[in-house]
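S.K.: Chains as they are written, first to last, in our numbering: chain V, 1 to 430; chain U, 431 to 677.
Please keep in mind that the hints were generated in silico from the structure rather than gathered at the bench.
Any given hint might turn out to be false.
Taking beta-carbon pairs under 7 Å as the criterion, some of the chain V residues facing chain U (in silico) [to be verified]:
1) Phe42
2) Glu44
3) Cys63
4) Lys169
From the structure, some residues in chain U lie toward chain V, with a derived Cβ separation under 10 Å [unchecked claim]:
5) Gly539
6) Lys541
7) Val559
8) Asn629
9) Asp630
Using C-beta positions, here's what the derived DEER-type ranges look like [unchecked claim]:
10) U/Glu529 x V/Ser238: 38 to 44 Å
11) V/Lys133 x U/Ile465: 39 to 45 Å
12) V/Pro295 x U/Arg503: 50 to 56 Å
13) U/Val603 x V/Asp185: 33 to 39 Å
14) U/Gly583 x V/Ser238: 56 to 62 Å
15) U/Val603 x V/Leu329: 51 to 57 Å
16) V/Glu184 x U/Thr505: 45 to 51 Å
17) U/Gln598 x V/Leu236: 47 to 53 Å
18) V/Glu234 x U/Lys532: 35 to 41 Å
19) V/Phe84 x U/Thr432: 57 to 63 Å
Everything numeric in this text was worked out from a predicted model, so none of it was measured.
C-beta atoms are modelled at their ideal positions from N, C-alpha and C, and glycine is treated no differently.
Given next are the chains, with one letter for each unit.
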Amino acid sequence: MHDFHVGIEHITRVEGHGNIIIDVKEGKIRELRMDIVESPRFFEAMALGRSYKEVAHITSRICGICAVTHTTTSIKAIEAALGFKPSTQTIKLRKLLLNAEFIQSHILHVYFLTAPDFFRVGSVFGMVKDNKKVVLRGMRIKTIANELCALVGGRHIHPITLKIGCFSKNPESKDLAAFKKKIEDLGPDIEETVKFFKSLKTPEFERETEYISLTNPDEYALYDGNIKSSDNGEILPSDYLDTVKEFMVAHSTSKHAKSNRDSYMVGALARFNNNYDQLHSKAKEVAEELGLKHPCYNSYMNNIAQVVETVHCFEDCIRLIDDLISSDLKDEKIELIAKSGHGVGATEAPRGTLYHEHKLDDNGKITYANYIIPTGQNLANIQNDLRTLVPDILDQPRDDIILNIEMLVRAYDPCISCATHLMKVKFVNE
Amino acid sequence: MTKPRVAFFSFSSCEGCQLVVLTIEEQLLELVNLIDIVSFREAMSEKSEDYDIVFVEGSITTTSEIERIKKIRNTAKVIIALGACATIGGVNCLKNQFEMEKVKDIVYGEKAGDYETIPARPIEAVIKVDYWIQGCPIDKDEFIEVTKALLLGKKPRIPEYPVCVECQMRENVCLFEKGMVCMGPVTRAGCKAICPTYNDGCTGCRGLIDDPNLSSHKNLLSEHGLTVDEAISQYMLFGGNSKEKYE
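Chain V with its partners taken away, still in its complex shape:
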């Protein structure tokens, strides 16, 4: 097919609204772009004038899926501005909560949003008839992660207990111990998950790009670390604007970003490529089983990297629960004093590195806010991937071309209401 025109309008099974427009004439791409048509929400304006104590209530609402990461990052930026360092216990609880969010987000994506593509059905509901066992297994794993989020955060969407300085209420040790058992009991489901994803054939594709994630000498970086570019090495989170260069494009309400090259990738595959050595040994085994070799330049494999991270996060949850129980959880109370300051928080969200920056006046009121969202950082890279992919698949039937395009975009797990909103493929008639 040398002429190919497609507009995928409001691409489905992603979070938010976006369109893909592709126009190929005589085998050459005349136009290829992803329109972000989500209504912008202007969070950087919403936060202005609000107290530092309540800004995390606002920023949590950027995204329902990764509310824990937004809240955590917001709090870290405020703590940096106030010069406050939280206790080891608080950091461990935050890491536990973050792991739980990674698991629920990754499982939601790989089981419910991407798996239907492999069965050529429109949704997970369409999988129920022939693959109910698979759907129920995904739900069991996700339910455990949701419950762990609720145990530590009070509820799994928009956490309550996660506060500046400490947790407003700690989980009980006995409940944590019970959760460790629940996670261990999930073993067979995790094994079946690996078998299931091994049975699905990930499309072949290769395009090396710049990979950016946090990195930390002590662990596989999710909660904090320096910013690492596979091209340029490490910089401090406070210097994030030296790496993340945002720019606006006319067809998108989400800003795009570039760094050393004209695009870069963030998310599970970027973390896998940058920090592979620090993955838990069980996660490395799963990577090998699933054919994910380090380094990997197939963006479709981001799904598989999410499965690998799920295994890593479960192992990390067990380690953190053991640590927290053995050190006896103490109620903490922090007296915060408002003052002026300026701070940056950087955390890995399930979809990639998230940055929040805040400036405070003497009364602790927000005078400046900047939030840089993973999906926005990936948009330029998704377009570059599509430019490489599309010419190579033009010989396929039209439906297959569209499926391949959608699957590639979906592999990034785009979250458009975070980045404003992302996708649908709409047909452009000649």
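Dock chain U against chain V, hints included.
M.R.: Same frame as chain V, now just chain U:
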């Protein structure tokens, strides 16, 4: 009996309330036996313009969203506003404190002219709404209750008492006694007082009860060190659609 055709639509929001719907999980599969979900973009590719019951998440923040919600109203038999953004405006209304030109300038700078936005509003500011499921996010048990009632042709029961009632039922120590501030006395219940239970003040995400005693609540806030402006700012965090009602 033909199954009711149910659609989920999202406007300006974090889509977290639809995620709550997805977390009812196994019960969702049972629900799918009783209804036909014909549109739910966050979870499925199929879509349809033919529906009976519509759940709407999100606020109205652009002129195109006004047109879209009106079209939905013309087709739907029943519309349920899902979550604070749809029911009371939610955090989206915080931008309304500024002129829209300024809001665009803050986020998009010199490219501000490329973007369109209007002051955020709940959906009932544009169309007639039949039922409301409050909260940021919604409570999944309440979602199930309301949906069940609708399927049985009954009117869903919405609590007419404040969060304090549920908080007392859970035998929580009042946060005001701990020296904290709380919106519980004037906020509609139905969340099982989840925030105070986790030792955090209610933020008013479920909107005001029908007949709130605001002056008494403001006095209470002032006894706990809040200025009038700070008190109003508390009410505006989620319910910022109209400042006048708090003054």
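S.K.: Determine which of the earlier numbered hints do not hold for this structure and return their numbers in increasing order.
M.R.: Going through the list in order, the structure violates hints 7, 10, 11, 15 and respects the others.
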